[in-house]
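Enquirer: So you can see what is in the structure, the chains are spelled out below.
Number of protein chains: 2
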Amino acid sequence: MNRPLPALPCRAWARAYDRDTLAADTVAAAIVTILLIPQSLAYALLAGLPPQAGLYASVAPLLVYAVFGSSRVLAVGPVAVVSLMTAAAIGSLPPDLRADPQGAALVLAALSGAMLLAMGLLKLGLVANFLSHPVISGFITASGLLIAAGQLKGLLGIPLDGHTLPQLLASLAGQLGRVHGPTLAVGAATLAFLFGVRHGLAGLLQRLGLSAGSATLLARAAPVGAIGLATWASWHFGWAAGGMKVVGTVPQGLPPLGLPPGDPALWRALALPALLISVVGFVESVSVGQTLAARRRQRIEPDQELVALGGANLAAAFSGGLPVTGGFARSVVNADAGARTPAAGVFTAAGLLAASLWLTPALYHLPQAVLAATIVVAVLSLVDFGVLARTWRYSKADFAAVAATLLGTLLLGVEPGLVAGVGLSLALHLLRSSRPHIAEVGRVPGTEHFRNVQRHAVQTSERLLGLRVDESLYFANARSLEDRINDAVATRPALQHVVLQCSAVNAIDASALDSLEAIDQRLREAGLALHLSEVKGPVMDKLAGTPFLRALGGRVFLTHFQAVAALAPETLQARAGTPPAPTDAARAAAEPGVTR
Amino acid sequence: MNRPLPALPCRAWARAYDRDTLAADTVAAAIVTILLIPQSLAYALLAGLPPQAGLYASVAPLLVYAVFGSSRVLAVGPVAVVSLMTAAAIGSLPPDLRADPQGAALVLAALSGAMLLAMGLLKLGLVANFLSHPVISGFITASGLLIAAGQLKGLLGIPLDGHTLPQLLASLAGQLGRVHGPTLAVGAATLAFLFGVRHGLAGLLQRLGLSAGSATLLARAAPVGAIGLATWASWHFGWAAGGMKVVGTVPQGLPPLGLPPGDPALWRALALPALLISVVGFVESVSVGQTLAARRRQRIEPDQELVALGGANLAAAFSGGLPVTGGFARSVVNADAGARTPAAGVFTAAGLLAASLWLTPALYHLPQAVLAATIVVAVLSLVDFGVLARTWRYSKADFAAVAATLLGTLLLGVEPGLVAGVGLSLALHLLRSSRPHIAEVGRVPGTEHFRNVQRHAVQTSERLLGLRVDESLYFANARSLEDRINDAVATRPALQHVVLQCSAVNAIDASALDSLEAIDQRLREAGLALHLSEVKGPVMDKLAGTPFLRALGGRVFLTHFQAVAALAPETLQARAGTPPAPTDAARAAAEPGVTR
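Order-wise, the sequence lines are chains A and B.
Reading the first sequence from the start, the letters are residues 1 to 596 in our numbering.
Reading the second sequence from the start, the letters are residues 1 to 596 in our numbering.
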């Protein structure tokens with residue numbers, strides 16, 4: 001993380017660019033372009049914007065990413081979750097500000113771009129770390145459900161309002177009588193076809209003799225075929241005249257260059273949503289990028305990614321787009337289709353530019369129900385309730401974070417859900433580390449090793465208490481240690497020495513240092529001595545100049561064994577105490593691979 | 001912390017109560033009563049309340065604490081910092097709600113009492129841990145300065161407004177022409193006398209032949225003498241008639257029993273201030289209680305203290321008082337005067353009850369300037385700018401927390417200052433643990449020990465990378481580890497094995513587990529294997545049932561040495577690499593008492 005930001009990663013691959021690479025990148029770009037045309041339209045509609053915004057957002061941002069991005073195969077553009085967050089952000093604006101959704105989307109992209117760029121230049125990529133995986137999982141699943149529920153609008157041909165599940169369901173209940181039959185039929189047929197393709201086509205094609213790679217690519221292309229077929233049918237049979245909603249007129253032309261609207265109230269109102277969009281988009285993009293880079297033993301530079309995504313969003317803001325990030329499906333297709341360098345992204349941008357110049361009239365008759373079906377199929381693959389069961393088994397705290405984020409997002413909306421999840425996961429983490437595992441340790445007979453007296457048959461002394469604190473000492477847990485030692489002193493009359501084994505103490509902050517001083521002083525006043533053993537280098541560096549160490553009643557020992565040998569040598573002769581009845585934990589501890 | 005809450009700690013000492021204890025407690029109570037009469041008046045005035053509220057707050061709360069408290073010598077009542085917070089909370093109410101300050105103080109005491117009681121019954125004493133020592137130090141120093149600045153009102157005989165330093169100074173600047181000369185003279189003389197007493201009297205008395213104990217007690221009693229003398233002079237010379245502000249009529253009688261006002265808007269507005277008062281008061285009280293208990297090798301039970309302080313505040317709320325907590329000065333006097341049990345508190349309450357019944361007419365002529373001087377002397381002992389220098393030397397993060405709290409409290413007020421300090425210290429802690437110390441380790445030649453390659457001359461292998469993570473793995477730092485390993489894999493072509501030495505990993509949350517799975521999978525795809533060594537018992541217990549451990553490409557080794565011996569045995573023959581030039585850190589690490 002400490003290397004200088006490579007300002008132009010493209011120089012590395014541009015130098016070695018040759019004809020083979022060009023051919024590979026061109027093929028990949030052609031395939032991704034075909035995939036991206038309907039996807040861009042659909043995600044723009046999902047964000048509540050005119051369809052062409054999606055095309056525009058897939059041109060300039062790709063060019064910028066190709067220059068600044070550190071991933072070789074990441075494909076940026078509008079993605080489902082970010083489009084949902086964009087819709088929610090615009091929808092929660094006061095009425096006067098949401099009169100111009102496209103302008104608001106440009107402000108969001110500009111704000112998000114500036115924030116990402118700033119985080120990148122300040123090397124603050126670690127901000128994204130505070131979105132824990134449980135929070136992300138809960139959020140993605142809830143977003144997928146919200147998006148799918150919202151698509152009932154297109155699938156049923158009815159108006160639907162709301163940014164939470166209860167709102168959407170209430171709106172749906174009031175509109176059920178107005179379902180448009182032909183729209184439902186086309187939507188349901190497309191859904192059935194797409195699910196069939198997703199779950200069986202590749203296997204079928206392989207059994208028909210195609211190679212696995214070709215079968216997969218063809219299966220991925222099938223939806224585009226369906227879209228083409230539906231558009232032809234809609235035109236041929238005049239579905240639009242029968243009341244079916246179609247994409248309609250998409251203006252032909254270059255992306256419109258221009259500034260986002262300058263209303264300060266709009267910028268202020270969108271600042272928090274833009275921050276959340278930035279962080280969520282960055283996390284999604286980096287996960288995709290890291291996964292794909294690792295397959296080729298390449299790596300991506302998170303801070304450089306921030307710069308590139310920031311630039312991509314600024315480009316979207318100045319060319320009529322919407323917030324963008326690296327998308328999973330398109331990046332995987334890009335990589336699988338053989339893309340070798342970000343030049344593939346440049347060619348994809350050219351393809352989409354051509355589409356927005358010449359292809360848009362052909363999209364007029366594309367039924368919105370078909371686009372809605374492609375979105376539903378795409379987002380339902382994001383829904384993963386299994387994470388609830390997995391986190392429940394592994395850790396109740398993580399489960400609570402998933403559940404809070406999931407329910408918060410579904411019931412309160414994307415922003416409150418995300419904020420609640422992040423807040424809860426931070427609070428639970430602090431709570432856990434504020435109650436550290438403090439083990440009393442004794443000597444494993446015949447060795448220089450010390451282990452938890454509750455898990456092992458070990459030798460101890462009445463005169464010496466050895467405590468191993470399994471946590472860095474800081475303000476939230478310093479008092480726990482005081483309490484533990486106060487307890488021991490009050491209940492063990494023969495006690496003379498307390499030795500803290502610091503092998504797992506990675507840091508001691510000023511509060512904990514005060515606590516150690518207080519412990520030392522109280523022990524001295526009661527006629528006991530406090531000692532330390534196995535203090536780590538970085539911790540000792542900091543303790544070295546402190547009054548605590550100068551005043552310490554006891555000594556600092558290199559190893560816990562040396563401490564016991566010096567302070568309570570009778571322990572080394574003592575027989576091991578009776579071990580406690582073996583518990584599950586103790587049995588697990590006795591298995592190979594488990595220490596302490 | 002896991003013992004059941006002893007509902008009535010008083011039963012322990014009441015059973016063994018005898019004539020000796022009675023005598024000791026009575027003497028201590030008499031001395032504390034004399035100290036508390038002026039202090040209670042002064043702190044009530046500081047809170048912006050009529051003086052008798054202070055007396056009432058020193059009766060019922062003491063009785064309740066005597067029954068439920070776990071400290072033998074803690075003396076509860078109004079204290080400086082909590083009274084300042086009470087004044088600030090009432091002062092920041094909207095005008096219609098602050099018309100009745102006494103009613104607002106009762107609501108604060110009731111809310112605070114209920115919160116403390118709830119925290120105690122839920123065993124949430126650890127909430128107080130989130131006030132780090134730097135935050136407390138900065139807050140106490142700033143509070144002392146704010147209180148002292150506010151007392152210029154009494155010392156100069158002018159009206160002063162404001163709850164922040166700029167407000168107080170601006171108010172002072174506008175009033176300097178109206179300073180009341182005689183008030184200033186009396187105030188300055190009292191200040192000089194009290195500072196003299198505090199810094200020299202005990203020594204002087206000892207040189208005159210008194211024992212150290214008696215000299216200290218006499219020095220502590222001297223202020224009461226000064227107050228008596230000033231009251232007599234004020235009455236005798238008719239200072240009140242000359243325009244000097246005196247305490248005036250303090251109603252005679254029992255504390256008024258009754259309910260706090262029921263206005264829901266008032267309760268809502270005071271909820272956050274009450275929470276802050278509860279936490280600050282609890283932390284102050286517990287620190288005092290622990291310090292005094294440790295001297296006698298006793299202990300206090302933090303959760304029981306919450307119950308007792310909660311009860312004390314509820315008692316204050318129903319008997320015309322104000323928020324209370326355990327005070328430092330009075331508890332030390334109580335302990336030094338020989339109090340053995342909380343019965344001394346019962347006798348003190350009786351003394352103050354007697355005072356409020358019969359002594360209040362005698363307080364009519366007590367000049368407010370004298371009370372202001374006693375407050376200034378008391379609170380200036382709280383001011384400690386040294387903490388800035390000490391934390392600066394020890395840790396810049398802790399210094400930032402002190403400075404932010406100090407400046408925030410002085411410039412913005414007690415609540416914003418405290419909230420800013422707590423927020424900053426949490427953020428800095430998370431930031432630190434999100435950038436864990438990850439050391440590459442090699443073998444110390446001829447031993448089974450492994451140390452940081454940057455600090456020691458150790459043996460390593462090109463085929464094996466040993467990493468020791470000096471932090472628990474959780475969501476905020478999981479990505480750091482991924483980055484570190486991605487880096488290594490991309491830059492070391494000969495690498496075959498990555499071994500994580502987990503001796504300092506005290507916990508692995510679900511996010512970190514996901515990261516480990518991702519690392520393992522990426523390494524496997526690149527033809528490498530991930531191994532673990534020295535996993536702790538509690539961590540292994542949790543990992544045991546996970547798909548990560550079942551799928552792990554590598555193995556789990558009991559010790560790091562076993563891992564190296566099995567995976568890269570050539571290391572054990574290799575010569576040590578050239579050690580890096582010794583840095584300060586390396587030299588420190590070479591000193592005795594420092595491991596790793």
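Treat the hints loosely; a few may be bogus.
No copy is singled out in the list; a pair is fine if it fits within one copy or between any two copies.
Calculated pairs, DSS-like style, for lysine-lysine (alpha carbon to alpha carbon, straight line, at most 27 Å) [stated by the list, open to error]:
| # | residue 1 | residue 2 |
| --- | --- | --- |
| 1 | Lys245 | Lys542 |
| 2 | Lys396 | Lys542 |
| 3 | Lys123 | Lys396 |
| 4 | Lys245 | Lys396 |
| 5 | Lys245 | Lys123 |
| 6 | Lys123 | Lys542 |
Keep in mind that the hints were calculated from the coordinates and are not lab data.
Enquirer: Run every hint past the structure and note whether it holds.
Expert: Checked hints:
1. Proximity of Lys245 to Lys542 under the C-alpha cut-off of 27 Å is found in neither arrangement, the shortest distances being 69 Å within a copy and 53 Å between copies.
2. Taking the shortest alpha-carbon separations for Lys396 and Lys542, only the inter-copy value of 12 Å comes in at or below 27 Å, while the best intra-copy value is 36 Å.
3. Taking identical chains as interchangeable, the C-alpha atoms of Lys123 and Lys396 lie at most 27 Å apart only when they sit on different chains, with a minimum of 19 Å there against 33 Å within one chain.
4. Neither within a single protomer nor between protomers do Lys245 and Lys396 lie at most 27 Å apart by alpha-carbon distance, with minima of 47 Å and 62 Å respectively.
5. Taking identical chains as interchangeable, the C-alpha atoms of Lys245 and Lys123 are never at most 27 Å apart, the minima being 47 Å within one chain and 60 Å between chains.
6. In this assembly of identical chains, the alpha carbons of Lys123 and Lys542 lie at most 27 Å apart only when taken from the same copy (26 Å versus 34 Å across copies).
Hint violations for this structure: numbers 1, 4 and 5, all remaining hints satisfied.
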